[in-house]
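Using the hints, position chain B against chain A.
So you can see what is in the structure, the chains are spelled out below.
There are 2 protein chains.
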Amino acid sequence: MTIQELTDRIDDLAQLLSGNELVAASDAVAALDPHEIVTAIERLSPRAGAVLFRLLSKDRALAVFDALSPAVQGDLVRQLRDSEVATVFADLDPDDRVWLLDELPASVAQRLLQGLPARDRQLTAAVLGYEQDAVGRRMSLDFVTTHPGLTVAQTMDRLRARLDDAETVYTLPVTGAGREVVGVVSLRDLMSAPDDATIDEVMSDPQTASATSDAEQAARVCADRGLLALPIVDSERRLVGILTLDDAARILKQEESQDVARQGGVEPLGRPYLSTPIPRLVRSRVVWLFVLAIGATLTVQVLSHFEATLAEMTALALFVPLLIGTGGNTGNQAATTVTRALALGEVTPRDILRVLGREVRVGSLLGLALGIVGFVIAGAIYSWPIGVVIGLTLIAVCTVAATIGGVMPLVARAIRVDPAVFSNPFITTFVDATGLVIYFLIAKTVLGL
Amino acid sequence: MTIQELTDRIDDLAQLLSGNELVAASDAVAALDPHEIVTAIERLSPRAGAVLFRLLSKDRALAVFDALSPAVQGDLVRQLRDSEVATVFADLDPDDRVWLLDELPASVAQRLLQGLPARDRQLTAAVLGYEQDAVGRRMSLDFVTTHPGLTVAQTMDRLRARLDDAETVYTLPVTGAGREVVGVVSLRDLMSAPDDATIDEVMSDPQTASATSDAEQAARVCADRGLLALPIVDSERRLVGILTLDDAARILKQEESQDVARQGGVEPLGRPYLSTPIPRLVRSRVVWLFVLAIGATLTVQVLSHFEATLAEMTALALFVPLLIGTGGNTGNQAATTVTRALALGEVTPRDILRVLGREVRVGSLLGLALGIVGFVIAGAIYSWPIGVVIGLTLIAVCTVAATIGGVMPLVARAIRVDPAVFSNPFITTFVDATGLVIYFLIAKTVLGL
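Chains as they are written, first to last, in the UniProt record's numbering: chain A, 1 to 449; chain B, 1 to 449.
Chain A with its partners taken away, still in its complex shape:
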């Protein structure tokens, strides 16, 4: 089914649901596979999504719930009856449960946890014990291990016994006496080896990540190296879980959505746009807008300071948006490039001097190019002294903006703030005020005001 067709069907379904034609809606849902139902729920309002969810058979409901994003699961939980929630909650893997618990109010989370069988509650608590951003909170506990002294045949038997419930059977951590990870072996390696070979002959060096390390970093290692499962270890290198490639992809998707949102000056929604209620959209933006507007009052103050100069020569006001706009754009470019490089692990805060050196050079070259054009155009149309002011201002503003834009994300990371927070709108505001000061100082000097 193409996306167009699916969208049409979902829109029809929405009509049926809002008209309370549940029999027809149920027929329409029967024709969709679980992932298409997920798309449907993510386009509907939370209420309509819950009605649709109730139309599903138990098995399908569990499959659909499992594939929903945690935020939408949270919405759904708030709409369903307690008994319905308990059923789907008990069916989730411990790590998926933790994603969901993070979305729920503490009281609901508490109640759900208490409803679990003792062993499940214990496993979930183990995962919950790690900090919000740690990979320990995202790892899976259903893994199969083997040992260096076991044979390939013995390992295959262990593996067959866990075919039904293990998160993956394609990559197995190899653990030594104290449960420390000494290697990994893939099912492919096992199949190519003779039955009586021992694991230490076929295993390869393990890449591992500490359970307390940042989930995004661990996920990036997993994805960059195409590892089907990355063993997660404690401080003594003992195996505590695995991160699978599909969970890694999920973490990266969430992190990237957050980075993109922050760089645009929005709080991450963490949920699909169309099913997000308007008040929540407003909330995701209003705080940032106020913070930025308060920052922007700096520009009002700078301009008041130069009001006499402005009154003497109104023409100076004409170029204000152009100049600060160009400064903001230059700063954003640098910040965007460096923030992304940080996220991908290409630069670290310790590279700050190298980044500074590069951005000073890039910014001054850009400023020179724009400044020459600005000088010629403004000079020809208005007057040559104004041309000089515009040209010099562009050189100075571009250099300063690129430098601030490039260095700010590194400073943010060094003081443990999300670099994307010190982001484009923030840099724009900061560069705006600085640019105005530079502009009027140059104007006063050159024009002798």
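The set of hints was computed from the structure by calculation and includes no laboratory data.
Some hints here could point you the wrong way.
Unchecked claim - Coverage of chain A stretches by chain B, computed from C-beta distances (three or more under 8 Å per stretch; other residues unrestricted):
hint, region
1, 21-32
2, 99-105
3, 266-274
4, 286-293
5, 359-366
6, 425-434
All residues carry an ideal CB built from backbone N, CA and C; glycine is no exception.
For chain B alone, coordinates are given in the frame of chain A:
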């Protein structure tokens, strides 16, 4: 090894390389695993990277080259001798070859292709035949298939024969008489089934993607559903390749880097920041800066038009950066949210009216909140009529900005332009000029100028 330690070692290595102390450098490289060497090459200049690469044994060189990003592979190829290039090129998989060919000048690409054995050349040409963005260009051709009538035991034999060279043996497409895909079966399913069961009893419904469909969309399906391999089919549903989960993760990483870059008004670098030469950084930004600056001359024109009003009341100039800044921020927020929703497939261009309706409401609510505060502050500090002007302008500007920002990405997608291109800096510029017109019209009306 932590990232800190690795960075230190790489910096030492860079010193050795620049001092031409190759023996010591060779020892230092010997202590690194292939992925650490990849990190090293991505931090070094192309020339130093090539020197380092020559220090590697053939096997390690091939493993390292394979794991480099295509852009860095391209840099390396330009630095190496033809015979060295031919060796690594022949070793790549057809789909990896195509990533690299996309980075090279046509003449080099042609020469490399001619150096390949006939069969490899043919396979590569098959992949090259698809359009730049199509998943056909990123799929792998080394797959193992099975048929509905074969038994599990027969399938396991087929699979064992391909353990060495197949891209994955964990998910097998099931093809019917005319090579059309009728199902998929996982190695896990095969292992849980009795040996004499036939494939049609154990296979499940296939999710497939057309070879001509967008690579990002196919990769997103693969990652969202955690599919280890997605069968890629032609227009008659015949199997032509597979997309593996790690290739999907690679495609998404590249696409996301592009989206992030475009939204910041930079051309995507496609390569690590620190190893990118300064002129290339300048080139990635200068065109956008000029385009945006030309757009910003609109603001100069608007302001000239209202120059008399400005001269009469200089105080109006003080609020220009604040007002257009707030408009730009509101527009960016909407654009960021909708662009991301488009990338994730949550909205399509056909949702334009729903998006429009939502953004008008969100924008006017945000404008109301900011406008009331603006009215009170500006009114108390300057004068109540100015307060009214500021308040009304904020309401109008926020509403217009959110609407334009939300709708623009959908329009871009509808006319088949990358939505991220019509991005934040672009929207800022557009909203700046519109905001100024609104501001002065309101000011003239309210203040009777």
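Consistency of the hints with the structure:
no.: 1; hint: 21-32; verdict: violated (count 0)
no.: 2; hint: 99-105; verdict: violated (count 0)
no.: 3; hint: 266-274; verdict: holds (count 5)
no.: 4; hint: 286-293; verdict: holds (count 6)
no.: 5; hint: 359-366; verdict: holds (count 4)
no.: 6; hint: 425-434; verdict: holds (count 4)
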